[in-house]
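Chemist: Residue-level listing of the chains:
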Amino acid sequence: MGLMNSRHPLGLLLVFAFAACSDDSGGDLQPLVPRSIASAGGDGQSAPVGAALPQPLRVLVTDGGGNEAPGVAVSWSVTQGGGTIAASSTTGQDGIASAQLTLGPAAGEHRAQAQVTGLAGSPVAFSATATGAGPPPPPGFELSVLSGGNNVPERFSSDLWVHGSYAYTGTWSERAEVGNVLKVWSLGAAGSPTLVGSVTVPGIGTVSDVQVTDDGQLLVLSGERGPGGGIFLYSLSNPAAPSFLGSALVGNAGVHTVTLSTINGRLYAFAARNPSLPQVAANDPALLIYDITDPRAPTLVSRVPFPERDYGIHDTFVRDGIAFAFVWDNPGVVIFDVGNGVQGGSPQAPAEMSRLVTSENGICCGPSVHNGWWFHNPVSGEKRYLFIGQEGAAVVGSQSSGDIHVVDVSDLANPTEVAFFHLDGAGTHNFWMDEQKQILYAAYYNAGVVALDVSGTLSGDLSNRLLGQVQPGGAGNTFTWGVQLANGSLYAIDMLSGLWQLTTE
Amino acid sequence: MPRNQSLGELRLVQPTIMAHAGAATNRIRLLATLNLEGLAIPDGELTPGAWGEGFIDRRHPHTYLHELMVSAHDVLGPADGPTLVSLALGKGFAPFGTDDPMARPVLRYPVNHHLAQILERVVVIAGVRAGPVALEASLFNGDEPERPGQWPRVNRFGDSWSARATVFPIPRLELQGSYARVRSPEHRPGAGTDQNKWSLSGRWADRSLYGLVEWARTSEAEGFFVFDSFLAEGAWSTGRSRLHYRFERTERPEEERTLDPFRSVRPHFENTTQGTTRWTIHTAGYGFRLGDATQPLGALPFVELSHGRIADVGGGLFDPRVFYGKTSFWSVSLGVRLNLGMEMHRMGRYGVAQDTAKEPESEHHGTHEQ
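These protein sequence lines map, in sequence, to chains A and B.
Sequential numbering from 69 applies to the first sequence in our numbering.
Sequential numbering from -2 applies to the second sequence in our numbering.
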């Protein structure tokens, strides 16, 4: 309309030329007169109260021939729920006008509408659901020690996995003994851990990561710091005595972490291979994906190298066929479709969707992107936030640094950092979540275990979200590696003081 | 030794061949040092407290080409009056800190080698000397070598720099202060942490007496890790005999080791240590020169005794009592220094700094072994 009303001769000439060129379909040269308006998307979304909807509301304005009508002013208003929306917007060349609805303070149904006087279909109604902010943290929430601890005196402990009534923990580097052992713990009726066995892994000096399949039949661990680094698979047919099934070795480089995921009916292990010497392309750090459906014969199905100029890949998180690789400063977090379907990727051919380098936050010496957790919020239905751990400089056993960074991945192709949590004098390590209660548990090395309220919208500094904190081994005897919520207890594995059972009440 | 062990070794150490050449009335000079430790001690030399380049409690072998420097002296000629200006470039030492321990009386390497010297870099040095003051500034590559046959990363040239000021208040006395900013020395591709380094020293040398007092500090990862060193050493020569002594108190990082207790994990993939230890070491030795000093072949049989203590400082999970089984150690070395041709030059001094060091008498070569 704006162009058609132009009085500039050149403008008229251009419009005429455009009209002539667009006449291939045999239409006449009549001006585009808007006739109708209809919804073009955004209806039926949900978000927490007070939050903006994930996608804007959109309407399409067309003329009598169904052609898009640009330059049409559309009025927007909230009709129910008390939210906010722009008063107007104008259609573009595609005939689309959009506006972002921010929900009001009350949970329940919200309504808004788009209106152009005189057009068929006006007003266009939209509805949205405001979810509650989730249940507030339980009153009197407090992290405290229930049992365990000081139970691995001869070695430093590393990772943890709990399944059923057993827990499995790794060992790290060298104390009085080399950290080449997987410890097996029985959890009593009240959840208290008792050491019942151990498995020695040959050729390595650190058991760096441990995980058990959901069915409890298979345990995988990663090993490094020795000539026989790689991933090792064990049967848990007797959960008290893991029996070796197979391995995939990568040599001196070793594997820093391993993550299990079932994709299209097959079981895969996502292994973070360390850099190694000499520094040539073949020794680059890499994401190695193994098909371990037959655990006696792990098969490498793909290798995604990362440049040797950086420290390489430290961890992965895989969910819904999306793999997040945490690759230090360069390239930071890298998001792959490995079977989700959104970009045609598979474990055999991961399709990179995006990458993001999180902020340094003044922590030495760079973003140090180390680990993460993609939060699926069952309360709001959102899959919006990715929590990333920054592993800053540390003196293992006494000093650490590094923040928790929150990245909005509601659009996986365009991740955006939106918030952070900083704790003076300590740095974060591995995460676990109580997603139903919207609580993030973070191992925090010398600060022990930290619990954060991550309900609702996360933005900026989250220091006021701290729910609780505990040093399981006490000051000077705490350097916590990982946490896991299981059987109603929170278990923490501490490098110095071993396996602990914690309570949150 | 690690795991409460003891260890004896017979080694050929510090085998070097040096060459000097001059042209244009010695205003253009070539200085070269080949080091054959890559062949003689490929797995390093037992040296409690030593660390660097992935070796720990073993001194690493140097690169085969230890120095190859070309320098232009008094490049402005009479135009700058008595002031001397020099330019030097090649592979060698950055102007920082004190002399290479190979050129000093004590056989056993000090713990502070990687705090007090910056060596085996591609370096360009500009120097000025006016009266009793010499100033040097340099650009170089930050990366340390990882094996004897490795060359510096030329594409990293210029990512690091250093400056050194030396004052000569009276003949034979030398005072220096220096600073260096070294980019990612322990991660060759360049992703590692950077170092700020300081050094102060005083040195005396005449025909019978030698003394050195030095302090050095390395601050890494924006000050998260700080390592200090104090060292004092001296030698007294009379007739055929030489006595030497060194006191050192140096802090070093305790890095994660591989299953080989003498190696730490390389390449780094995170910015962590397991703590800091402080090594306090007394080393004393006696040598007796065989043959005539005027002969080209010299031999100095010697005995050297070290006693040291290890302290855990600054926290971290490394506990020397657990790892070594004790917190003190003894070390005895018996050997002979062999020299053919000229005496060793002060490695790491080029241009105006070389002019202050002992002048090469002629073009010779030398060997040096235990």
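A few of these clues could be false.
Here are some of the chain A residues that sit facing chain B, going by a computed Cβ distance under 7 Å [unchecked claim]: (1) R334; (2) I431; (3) A462; (4) F488.
Residues of chain B placed beyond 12 Å of chain A at every Cβ, according to the derived structure [to be verified]: (5) G51; (6) G199; (7) D257; (8) V262; (9) G272; (10) L294; (11) V319; (12) R343.
Hint data in this document are derived by calculation from the structure and do not stem from the laboratory.
The beta carbon of each residue, even a glycine, is placed where N, CA and C say it ideally should be.
Chemist: Each hint: holds or not?
Modeler: How the hints compare with the structure:
{"no.": "1", "hint": "R334", "verdict": "violated, 30 Å"}
{"no.": "2", "hint": "I431", "verdict": "violated, 9 Å"}
{"no.": "3", "hint": "A462", "verdict": "holds, 4 Å"}
{"no.": "4", "hint": "F488", "verdict": "violated, 19 Å"}
{"no.": "5", "hint": "G51", "verdict": "violated, 8 Å"}
{"no.": "6", "hint": "G199", "verdict": "holds, 33 Å"}
{"no.": "7", "hint": "D257", "verdict": "violated, 9 Å"}
{"no.": "8", "hint": "V262", "verdict": "violated, 7 Å"}
{"no.": "9", "hint": "G272", "verdict": "violated, 6 Å"}
{"no.": "10", "hint": "L294", "verdict": "holds, 40 Å"}
{"no.": "11", "hint": "V319", "verdict": "violated, 6 Å"}
{"no.": "12", "hint": "R343", "verdict": "holds, 33 Å"}
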